[in-house]
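Undergrad: As a plain string of letters, each chain reads:
2 protein chains.
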Amino acid sequence: MLRVTFIGTSASMPTTERGMPAIAIKYESELMLWDCGEGTQRQLMRYKVGYGSVNAIFITHPHLDHYLGMFGLLETLKLSSPAPKPVRVFLPRGMDVEGYPFAKVEKVKAGEILRGRGFSVRAFAVKHCRGSHGFVFQEDEKIKFHEEKAHSLGLQGTLFREIQKNGKVKTGSGEVRLEDVTWRMRGRKIVYAGDCAPGDATTEAAKGADLLIHEATFDSSMKDEASERMHSTAAQAAEVAKAAGVKRLALTHISPRYADTSQLLEEARAIFPESEIAEDGLAIDI
Amino acid sequence: MLRVTFIGTSASMPTTERGMPAIAIKYESELMLWDCGEGTQRQLMRYKVGYGSVNAIFITHPHLDHYLGMFGLLETLKLSSPAPKPVRVFLPRGMDVEGYPFAKVEKVKAGEILRGRGFSVRAFAVKHCRGSHGFVFQEDEKIKFHEEKAHSLGLQGTLFREIQKNGKVKTGSGEVRLEDVTWRMRGRKIVYAGDCAPGDATTEAAKGADLLIHEATFDSSMKDEASERMHSTAAQAAEVAKAAGVKRLALTHISPRYADTSQLLEEARAIFPESEIAEDGLAIDI
Chain Z
3 MLRVTFIGTS ASMPTTERGM PAIAIKYESE LMLWDCGEGT QRQLMRYKVG
53 YGSVNAIFIT HPHLDHYLGM FGLLETLKLS SPAPKPVRVF LPRGMDVEGY
103 PFAKVEKVKA GEILRGRGFS VRAFAVKHCR GSHGFVFQED EKIKFHEEKA
153 HSLGLQGTLF REIQKNGKVK TGSGEVRLED VTWRMRGRKI VYAGDCAPGD
203 ATTEAAKGAD LLIHEATFDS SMKDEASERM HSTAAQAAEV AKAAGVKRLA
253 LTHISPRYAD TSQLLEEARA IFPESEIAED GLAIDI
Chain P
3 MLRVTFIGTS ASMPTTERGM PAIAIKYESE LMLWDCGEGT QRQLMRYKVG
53 YGSVNAIFIT HPHLDHYLGM FGLLETLKLS SPAPKPVRVF LPRGMDVEGY
103 PFAKVEKVKA GEILRGRGFS VRAFAVKHCR GSHGFVFQED EKIKFHEEKA
153 HSLGLQGTLF REIQKNGKVK TGSGEVRLED VTWRMRGRKI VYAGDCAPGD
203 ATTEAAKGAD LLIHEATFDS SMKDEASERM HSTAAQAAEV AKAAGVKRLA
253 LTHISPRYAD TSQLLEEARA IFPESEIAED GLAIDI
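Going down the list, the sequences are from chains Z and P. Our numbering applies: residue 3 is where the first sequence begins, and numbers increase by one. Our numbering applies: residue 3 is where the second sequence begins, and numbers increase by one.
Rather than coming from a laboratory, the hints here were simulated on the basis of the structure. Each hint should be verified, as a subset may be incorrect.
Each pair may be met inside one copy or between any two copies, as identical chains are not told apart.
[Said to hold, decoys possible] In the BS3-like style, the derived pairs of lysine-lysine whose C-alpha atoms are separated by at most 30 Å in a straight line are:
#1 Lys80 to Lys129
#2 Lys225 to Lys80
#3 Lys80 to Lys106
#4 Lys209 to Lys225
#5 Lys50 to Lys87
#6 Lys111 to Lys249
Given the sequences, and given the hints that come with them, work out the whole structure.
TA: Here is the structure:
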């Protein structure tokens, strides 16, 4: 299972429709949060994501609207019975959290920051404020056997384990090399750029992603304001998605001025047809 | 207009039904908040209370679940155009807020802490944690004329203003004293005890109140736990309401364990019939 749930999709302040930024990534038994704005714990309950099983929290940048809810969530996790489970907390430089012994606080810096069972998370620097990073969830490659071929070369039983361990094995047909009987299935990939001006770093990080989650605070008529505030327009987000060759684009961090998001959607789809506007509670299975 | 709106009524952590503690008091053009838990700004939007006009925020005690939302709200008010309006912020000792020049931060201590147009707010110490206080909203007394009697004694036109200014006035009927032609209409009174064990201080403060808002974290079977944690049961809150002779009692700060609150309500009504359980969004006009 690999499911992305949009917990909050508003920019700067909430609306009755949209909560503060947070994205939940559920991978097998792992539950990660990317950003954790005010109200996240309640949104997690509302959208039945199971806040109690959060393993890791990642904050993209040190603006209050992206992390205030982390304190509320940690406070609630602290009450867990019989004891809170460990949570890894990845913070941008300049931020800290104290008073939660079950939370292991680490700093976000470019590169791999978490190696999990069957996946990794890495960070890449983006242009917004000091310490801003986007995140890449990358499922590990899996080695798959061409079963018919493997059998025809005499592989059976424990030989499958042996060839994976040693890269080769001897059978009745002679030596069989792992690469002759297997293929590599690439892992699934999800990229979230956080708040940012559009940039090459995001394009590079998002290359071939199954899903790019990009902010779209403004429409194209407000391009100058977007640039000045280091944010993106929907069209700029779509350009990044196109250049990176992602499968689909979800736009989030929608300014409260857009009660109607049809303009944002049109501007994005004109450039990258596989665009959509995330709503609170939207779940995407990858 | 004097309206109390329950913005959040849960204890410790939110539920899908109940947000974190906050109570809005709307008196004429004033809008006050008593406590400001996580998610308050969004709840204010949801219940159409008009978060932009908040004049004053009062925090009962320095537990995160009662004040985290203040930071989110101040952050949003900071974005007000053309400029944020002044907000008075009353904090328990040990707490501070920085970075909001439009917020005037003051410390809560027992006694009158705010004198407004036609009302005052005073604080009283309660038993919970260090620095815990409850609040009393007290509308000023109004002087009302017995109009018939006043006219019969020759009061008319500007003499009404004169007698209010000087306490007496000369008319064709001789000297008329203010107290002979007026009566005092007592002001409306609302009391909120915050988190607390039941206590005489609350009973004293709540004497004759139109509305007592009291926590009811537990039912009677959990009396010991309530006592240990310096909280109250619904029955204990009702005892306070009864002893104070209030008109009505609203129970709030409901533990998430009570999806069904009928037991709490029964236990309270057995002692004080004019009890009710506050739900998020409940508005009471006094």
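Undergrad: Evaluate each hint against the coordinates.
TA: Each hint tested on the structure:
1. Taking the shortest alpha-carbon separations for Lys80 and Lys129, only the inter-copy value of 24 Å comes in at or below 30 Å, while the best intra-copy value is 34 Å.
2. In this homomeric assembly, Lys225 and Lys80 come within 30 Å of each other (Cα to Cα) only across copies, at 23 Å, whereas the closest approach inside a single copy is 43 Å.
3. Proximity of Lys80 and Lys106 under a CA criterion of 30 Å is satisfied intra-copy only: 13 Å inside one chain copy versus 32 Å between copies.
4. In this assembly of identical chains, Lys209 and Lys225 lie within 30 Å of each other by CA distance solely inside one copy; the values are 25 Å within and 60 Å between copies.
5. For the homomeric pair Lys50 and Lys87, the shortest alpha-carbon distance inside one copy (19 Å) is at most 30 Å, but the shortest distance between copies (38 Å) is not.
6. In the homo-oligomer, the alpha carbons of Lys111 and Lys249 lie at most 30 Å apart inside one protomer (27 Å), although the nearest pairing across protomers, at 59 Å, exceeds that limit.
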